[in-house]
Amino acid sequence: SQTIHQWPATLVQPVGSPLSLECTVEGTSNPNLYWYRQAAGRGLQLLFYSVGIGQISSEVPQNLSASRPQDRQFILSSKKLLLSDSGFYLCASETSGADTQYFGPGTRLTVL
Amino acid sequence: QKEVEQNSGPLSVPEGAIASLNCTYSDRGSQSFFWYRQYSGKSPELIMFIYSNGDKEDGRFTAQLNKASQYVSLLIRDSQPSDSATYLCAVNWNAGNMLTFGGGTRLMVKP
Chain L
1 SQTIHQWPAT LVQPVGSPLS LECTVEGTSN PNLYWYRQAA GRGLQLLFYS VGIGQISSEV
61 PQNLSASRPQ DRQFILSSKK LLLSDSGFYL CASETSGADT QYFGPGTRLT VL
Chain B
113 QKEVEQNSGP LSVPEGAIAS LNCTYSDRGS QSFFWYRQYS GKSPELIMFI YSNGDKEDGR
173 FTAQLNKASQ YVSLLIRDSQ PSDSATYLCA VNWNAGNMLT FGGGTRLMVK P
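Protein chains in written order, with the working numbering: chain L, 1 to 112; chain B, 113 to 223.
The reader is advised that the hints may include incorrect statements.
[Unchecked claim] Not close to chain L: a few residues of chain B, all C-beta gaps over 12 Å, as computed:
| hint | residue |
| --- | --- |
| 1 | Val125 |
| 2 | Pro126 |
| 3 | Ile130 |
| 4 | Asp139 |
| 5 | Gln150 |
| 6 | Phe161 |
| 7 | Asn165 |
| 8 | Arg172 |
| 9 | Leu177 |
| 10 | Ser185 |
| 11 | Ser194 |
| 12 | Cys201 |
[As the list claims (entries may be wrong)] Selected chain B positions facing chain L (in silico; Cβ < 7 Å):
| hint | residue |
| --- | --- |
| 13 | Ser144 |
| 14 | Ser155 |
| 15 | Pro156 |
| 16 | Asn209 |
| 17 | Phe213 |
| 18 | Gly215 |
Simulated from the structure, these hints should not be mistaken for lab results.
Even glycine gets a Cβ: it sits at the ideal position worked out from N, Cα and C.
All chains, please: the whole structure from these sequences, using the hints.
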């Protein structure tokens, strides 16, 4: 079975600072990878997904970007954080063809 | 716009009772349906998935799908206080493998 790692677990950043969140996956090859954000008391919002190295699709235009430099590594970035970027960021992995997404432990981001 | 709707709750049930969680979706073309459990402060954990009309049972959990009425439900038998969590319904619209999530139903099981 696959294991999904995310770091950092928590992060407090000032407005206007950069951001880099990392997700790595073990136990599967060529997974589909997803970034979600969950605002406090809200549902999950899909931000980005990737079906392979260098292939990124964006669902919500905003000041965030994603990259996939390696098969099992997915990075979420921002050049300048906004207050509205606060939330719980979740990486999900899906074995190609399996149609089932599993979530990592998440990163809780607070922008002050 | 494709939507997945859930009553936010809280749904309060006594220990040992059956908890019934419901979810409706807007697109008749939806192919697969998922239930996730999310404890406060934690990430969602997959409980069950269902593709075909009818019931699917896994231990104390039963997923029910009715595509004609566009709803999917989750029954939890013999509810325990440890089942207290938010339950998220997710739907795959068969447009790639992207899921759309409902807002979740908070379940409280009282001893």
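**Request:** Please confirm whether Val125/B is truly not at the interface, meaning its C-beta sits more than 12 Å away from all C-beta atoms of chain L.
**Result:** The claim holds: Val125/B sits with its nearest Cβ about 21 Å from chain L, beyond 12 Å.
**Message:** Does the closest beta carbon of chain L sit nearer than 7 Å to the beta carbon of Asn209/B?
**Reply:** holds, 6 Å
**Given as non-interface: Ser185/B, partner chain L, CB spacing beyond 12 Å** = Given a closest Cβ separation of 18 Å, the condition holds.
**Asked** Should the hint that Gly215/B touches chain L count as held when the rule is a Cβ pair under 7 Å?
**Response** holds, 4 Å
**Item:** Least C-beta distance between Asp139/B and chain L, which was stated to exceed 12 Å
**Value:** Given that every Cβ of chain L is farther than 12 Å from that of Asp139/B, nearest at about 16 Å, it holds.
**Request:** Determine whether the non-interface label on Leu177/B survives the test: each CB of chain L must be over 12 Å from its CB.
**Result:** Leu177/B clear of chain L: closest Cβ-Cβ about 15 Å, beyond 12 Å.
**Item:** Evaluation of the interface hint that places Pro156/B against chain L, nearest CB under 7 Å
**Value:** holds, 5 Å
**Message:** Holds or violated: the hint that Ser155/B contacts chain L, with Cβ atoms closer than 7 Å.
**Reply:** holds, 4 Å
**Request:** Find the nearest Cβ of chain L to the Cβ of Phe161/B and say whether that gap is larger than 12 Å.
**Result:** violated, 6 Å
**Request:** Test the statement that Ser194/B is away from the interface with chain L: the closest C-beta pair must be farther apart than 12 Å.
**Result:** The claim stands: Ser194/B keeps its Cβ more than 12 Å from every Cβ of chain L (closest is about 19 Å).
**Asked** Would the least Cβ to Cβ distance between Cys201/B and chain L come out above 12 Å?
**Response** violated, 10 Å
**Non-interface label on Ile130/B, tested against every C-beta of chain L at 12 Å** = Given a closest Cβ separation of 25 Å, the condition holds.
In summary, the structure is inconsistent with hints 5, 6 and 12 from the numbered list given earlier, while agreeing with the others.
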